[in-house]
Amino acid sequence: MEFTAQQIADLLQGIVEGNPGEKVSKLSKIEEGSPGSLTFLANPAYTHYIYNTEASVVITNRDFQAEKPVRATLVRVENAYQSFAKLLDVYNTIRRNKTGIEQPSFMDPSAHAGVEIYLGAFSYVGKNVKLGDRVKIYPNSYIGDNCVIGNDTTLFPGVKVYSDCIIGNNVTLHAGVVIGGDGFGFQPNDGNYQKVAQIGNVIIEDHVEIGANSTIDRATLGSSIIRKGVKLDNLIQVAHNVEIGENTVIAAQTGIAGSTKIGKNCMIGGQVGIVGHLQIADGVKIAAQSGVGSSITRSGEILQGSPAFNISDYKRTYVLFRKLPELEKKISDLQKTLSELRSASS
Amino acid sequence: MEFTAQQIADLLQGIVEGNPGEKVSKLSKIEEGSPGSLTFLANPAYTHYIYNTEASVVITNRDFQAEKPVRATLVRVENAYQSFAKLLDVYNTIRRNKTGIEQPSFMDPSAHAGVEIYLGAFSYVGKNVKLGDRVKIYPNSYIGDNCVIGNDTTLFPGVKVYSDCIIGNNVTLHAGVVIGGDGFGFQPNDGNYQKVAQIGNVIIEDHVEIGANSTIDRATLGSSIIRKGVKLDNLIQVAHNVEIGENTVIAAQTGIAGSTKIGKNCMIGGQVGIVGHLQIADGVKIAAQSGVGSSITRSGEILQGSPAFNISDYKRTYVLFRKLPELEKKISDLQKTLSELRSASS
Amino acid sequence: MEFTAQQIADLLQGIVEGNPGEKVSKLSKIEEGSPGSLTFLANPAYTHYIYNTEASVVITNRDFQAEKPVRATLVRVENAYQSFAKLLDVYNTIRRNKTGIEQPSFMDPSAHAGVEIYLGAFSYVGKNVKLGDRVKIYPNSYIGDNCVIGNDTTLFPGVKVYSDCIIGNNVTLHAGVVIGGDGFGFQPNDGNYQKVAQIGNVIIEDHVEIGANSTIDRATLGSSIIRKGVKLDNLIQVAHNVEIGENTVIAAQTGIAGSTKIGKNCMIGGQVGIVGHLQIADGVKIAAQSGVGSSITRSGEILQGSPAFNISDYKRTYVLFRKLPELEKKISDLQKTLSELRSASS
Chain C
1 MEFTAQQIAD LLQGIVEGNP GEKVSKLSKI EEGSPGSLTF LANPAYTHYI
51 YNTEASVVIT NRDFQAEKPV RATLVRVENA YQSFAKLLDV YNTIRRNKTG
101 IEQPSFMDPS AHAGVEIYLG AFSYVGKNVK LGDRVKIYPN SYIGDNCVIG
151 NDTTLFPGVK VYSDCIIGNN VTLHAGVVIG GDGFGFQPND GNYQKVAQIG
201 NVIIEDHVEI GANSTIDRAT LGSSIIRKGV KLDNLIQVAH NVEIGENTVI
251 AAQTGIAGST KIGKNCMIGG QVGIVGHLQI ADGVKIAAQS GVGSSITRSG
301 EILQGSPAFN ISDYKRTYVL FRKLPELEKK ISDLQKTLSE LRSASS
Chain X
1001 MEFTAQQIAD LLQGIVEGNP GEKVSKLSKI EEGSPGSLTF LANPAYTHYI
1051 YNTEASVVIT NRDFQAEKPV RATLVRVENA YQSFAKLLDV YNTIRRNKTG
1101 IEQPSFMDPS AHAGVEIYLG AFSYVGKNVK LGDRVKIYPN SYIGDNCVIG
1151 NDTTLFPGVK VYSDCIIGNN VTLHAGVVIG GDGFGFQPND GNYQKVAQIG
1201 NVIIEDHVEI GANSTIDRAT LGSSIIRKGV KLDNLIQVAH NVEIGENTVI
1251 AAQTGIAGST KIGKNCMIGG QVGIVGHLQI ADGVKIAAQS GVGSSITRSG
1301 EILQGSPAFN ISDYKRTYVL FRKLPELEKK ISDLQKTLSE LRSASS
Chain B
2001 MEFTAQQIAD LLQGIVEGNP GEKVSKLSKI EEGSPGSLTF LANPAYTHYI
2051 YNTEASVVIT NRDFQAEKPV RATLVRVENA YQSFAKLLDV YNTIRRNKTG
2101 IEQPSFMDPS AHAGVEIYLG AFSYVGKNVK LGDRVKIYPN SYIGDNCVIG
2151 NDTTLFPGVK VYSDCIIGNN VTLHAGVVIG GDGFGFQPND GNYQKVAQIG
2201 NVIIEDHVEI GANSTIDRAT LGSSIIRKGV KLDNLIQVAH NVEIGENTVI
2251 AAQTGIAGST KIGKNCMIGG QVGIVGHLQI ADGVKIAAQS GVGSSITRSG
2301 EILQGSPAFN ISDYKRTYVL FRKLPELEKK ISDLQKTLSE LRSASS
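Residue numbers (the working numbering), protein chains in the order written: chain C, 1 to 346; chain X, 1001 to 1346; chain B, 2001 to 2346.
Bear in mind the hints are in silico, worked out from the structure with no lab data behind them. None of these values were measured; they are calculated from a predicted model. Treat the hints with care, since some could be wrong.
Said to hold, decoys possible - Below, in silico cross-link-like pairs of lysine-lysine (DSSO-like), each with a Cα-Cα straight-line distance of 27 Å or less:
hint, chain 1, residue 1, chain 2, residue 2
1, B, LYS2330, C, LYS330
2, B, LYS2127, X, LYS1336
3, C, LYS323, X, LYS1315
4, B, LYS2261, C, LYS29
5, X, LYS1330, B, LYS2323
6, X, LYS1315, B, LYS2098
7, B, LYS2323, C, LYS285
8, C, LYS336, B, LYS2336
9, C, LYS323, B, LYS2330
10, C, LYS98, B, LYS2195
11, B, LYS2329, C, LYS285
12, X, LYS1315, C, LYS329
13, C, LYS330, X, LYS1336
14, C, LYS228, B, LYS2195
15, X, LYS1323, B, LYS2329
16, X, LYS1329, C, LYS323
Kindly produce the complete structure, drawing on both the sequences and the hints.
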C-alpha cells in the first residue's frame, strides 16, 4: 500500500506543507523514521526528533511551530495523535480484511453463517452454531455446538469456544483464548473428589477484547458474563459464574475466582488475584500483584497489597516495612536507655 | 431433551408432590428459574426463593416443610444437592456423548484405537499411539508419537501431548493444555546457555482433571507424575520431574518448579509459587499467592505469605504490618517521653 | 535404538571397563537404572548408587575410584555430566528428526520454504511467508502472512505466529506459544475504550527458546524484541514494545509490561511482575514473585519483594516482619515500664 502526503491529508482533513506527492508505504515512530515512512509528532517531548527524522511525511498538530528547518513533508491536522491512531486503524483494518472459506475447514450442515465471513483452514464450526455477518475465524479455531457469534467479531487462530456460549458483536478474541471450559468444581467424597458438572455457559457482550491464552470458564448453572466494552489482557483466568462489569480493564495474568462480581469501569493491574464470591464496586482500581480477599463496597476505592487495602496506607506501610531494621534498632536502643535509666534511678 | 417430574423422580428415587406430568427441558438456579426449568433447593438460605420461583419443578430434601404455598411441582429426595448434581452429570454426559471419526483427521497407521472413540476433525494421532476405549479427542488436538491414553479419557479442543507421555483412564484435559513440553533446563556455557535435552515423559494417572491452558513439562530423565485423582485448575505450570500426590487440588495460575514432590490430599490456592527440589507433606494447605521456599515436613500444615509460614502467624503478623504507622508512632512517642524523662532526671 | 558400551565409548572418546558388548536401549537416572539402561555418575553424592544400580552401563568420570565391586560396565570419560548431556542431545535430535509435508496442511502458493522442512498436518503457512532450511512446524500451528522463520527453527504443535513477525535461526517455540498478538493498548474515550491499532511486529533473534503457552505481543509501532540466546519458560507474558537482552533467562509465569527494556544476562524468577516503561540493567537478578516498579540502573543488582528492593535487605526485613508480634510486645513492655518509671519519679 502506497499513499501520497496529499491522500493522507485528504483522509485526515489536514493541510500539506511540503511536497504533496511525497510517497509513503509504512508507518513508524518519529525516532525510527526512514525514507518512505509516515510518522507523527504529538508529544512535545519528542519535538527535537522532527528536525532530523528520515521519515518522508510527519503528521503534526495544526499549531506546531518549527524552530529549525524540517526536511520532511508535514501534514497538519487538528489532533496529530488521534489522526495517526485513525490511520493505524485504517491500515490494520485493510491488513486484516480477510474473507472467504479456506479449505479444508469444517462447518456442520446445521450451522448458519452471515455474509462476508472469513473461515480459516482447519477451523471447526459445530452443530447449530450461528455466525453473524463479517465474522472472521482464523485457522485452527474451534466453535462448539450451539454457540452464537455476533457481527464483526474476530477469533484469531487457535481460539477454542466450548458449546452453548454466546459472543456478541465487535468482539476480538486473541489466539489461544479458551471460552467456556468447565468451571473448577469438585465435591469431597470419601477422600477423593467428585466432579460437579458445569452445564452453564459464557456470555460475552459487544466490544469486548480478550488477550492471548486467557481462559473464561463456563458457569456451573447460568452464565459467566463479560459485559460490554470489557478489555482483558493475556493469560487471564476468569472462573465460573464470574461477572465483569462494563468497560472494566484488566491487565495480564490476573485471576478471578468463582462467582465474584466486578463492577463497571474498574481498572485491575497485572497478576492480581481476587478470591471467590466477592462484590467489587464500580470504578475500583487495584494495583498489580495485589490479592483481594474481601468485597469492596466503596466505588472508586484504590487498593494495593496481599491482602489488599487502601493504596496510600499500603504505600506508607511499605515504607515502614523497608525501615523495619531501623525500627528494631530504635526499640533496642530504647530498651537499653530505659534499662540504664532504671538502674540509675534505683 | 424433555422430561416429566415423574421421570425425574424415578431417576432419583424421589416422590412427586404436584403434577407428575409437569415437563422440564432445562436446568437453572432457583433464583433464575423460568417456566420449563428444573431447579433444586438445598441451602436453607435460599428457601424464600421457592415460594416465588417460576421454575416448573423443584427438587427438595425429603423433610422440607413449606411455610407458604408453593406453585412449582416438587420432587422430594434424600439429598437434594446430590440428586441435582447427579442430574447435571447425566445431562452433561448426554451432551458430550460424541463418537465417530470426523474428517479430515490424521491417525498414523501404526496407531491403535479402542472402541467407540471420538476423533474430532483436524486432530492428529502420531506413530504407535494407543488410544483406549471411549476416548474422546476434540478437534485440533495433537497426540505425539508413542503416547498411551487410557479408557474414557477426554481431550478437549487444542490439547497438545508431546511424544512418549502416558495418560490414564477417566482423565479430562481441557482446551489448550500442553502435556510434555520440554522442561526448562539450560547449562551456562561461556556466557550463553546450552540446552539440556529433556528426554523423560509425563505420566498422568486415572481420574485426573487439568484446566485450560495449563502446562505440564516432561522430565529431563524419568517422569513428571500427576497421581490419581489430582485436580488442576487453569493456567497452572508444572515443571520437569515434579510429582503431585493423589487427590491434591490446585487452583488457577499456580506454578511448581522443577523436581518438587507434593504430597497427597493437599489444597493449594491460586497464584501460589513453589520453588524447586522441595518436599511438601501430605494434607498441606497453602493460601493463594503464597510463595513456598522450603520443604514442608509436617502433614496438614497450613501456610500463607511469600515466603510462606504458618497461616495464623501470618495473619497475626499482617495485622501488625497494617499497623506499622501506629507502631512507629508509639516508638517515637517513647523516644520523646524517654528523652524528657532523662532531661528531667539529669 | 540399541547401542553397545563400546559404541558409546567411541562416541564420547571414553574407555570401557567391563563388557564392551553390553547393550543399552534407554537412558535413566542412576537411582532408577534397570537392565538395558545407560546412566551416569557425576555428582559424588550419588556415588553409593553405583554399587547397586541395575543399569547395564554407567558413564563415570575418568578418575572415579570404586570402593566396592561394581556390577555394571563402566565407560570412563573426561566429564561424565557433559558426556551424558551430549548423549541426551543426540538421542533427542534423532527422536525429533521429522521431515516432509504431511497432508492436509496449508501453504499459500506465495510462501517459500527451504530444504528438508517438516510441515505437520493441519498447519497453516500464510502469504509470502519465508521458511528457512530444516524448519520444523508441528501440527496445528499457524504462521501468519509475511512472517520470516530462520533455519533450524522448531515450532511445536499449536504455535500461533501473527502476521509480519520475524523469527531467527535455531529458535524453539513450544506448544501453544502465541507470537505477535495485539499489544494491550486502549484509549479512554467517553467512558469506554477505543482500541489503539497494534501494527508493529515481534522479532525473535537466534537461539531463543520460549516455553509452552507463553505470549509475546506485537509492538504498537516498531518491534517487540527478544534478543539472541534468551530463554523463556512457560506461561510468560511479554507486552508490546518490550525488549529482552541477550542470554536473559526468565522462569515461568512472569509478566513484563509494555515498553520495558531488560538488559543482557539477567536472571528473573517465576511469577515476577515488571511494570511498563522501565529499564533493567544487565546482569540483574530478580527473585521469584517479586514486583519491579522502577528502573534498575546498577548492573548485577539482586532484588526481591513487591515492590522489590535489594535482596539482602529484603531478607533481613522479612525476618523482622515475621517478628512483628515480638516487636509489638517489646513496644508495649517499654510503654508499661516507662509509665511505671514516670509514676515512680513523679
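Here is how each hint holds up against the structure:
1. B:LYS2330 with C:LYS330: holds (11 Å)
2. B:LYS2127 with X:LYS1336: Status violated; Cα separation ~77 Å.
3. C:LYS323 with X:LYS1315: holds (21 Å)
4. B:LYS2261 with C:LYS29: Since the Cα atoms of LYS2261 of chain B and LYS29 of chain C sit roughly 17 Å apart, the hinted pair holds (cutoff 27 Å).
5. X:LYS1330 with B:LYS2323: holds (17 Å)
6. X:LYS1315 with B:LYS2098: violated (55 Å)
7. B:LYS2323 with C:LYS285: violated (31 Å)
8. C:LYS336 with B:LYS2336: holds (15 Å)
9. C:LYS323 with B:LYS2330: holds (17 Å)
10. C:LYS98 with B:LYS2195: holds (19 Å)
11. B:LYS2329 with C:LYS285: This hinted pair is violated, its Cα atoms lying about 35 Å apart.
12. X:LYS1315 with C:LYS329: Holds, at roughly 24 Å.
13. C:LYS330 with X:LYS1336: holds (12 Å)
14. C:LYS228 with B:LYS2195: Distance ~14 Å between LYS228 of chain C and LYS2195 of chain B Cα, so the pair holds.
15. X:LYS1323 with B:LYS2329: Since the Cα atoms of LYS1323 of chain X and LYS2329 of chain B sit roughly 13 Å apart, the hinted pair holds (cutoff 27 Å).
16. X:LYS1329 with C:LYS323: holds (13 Å)
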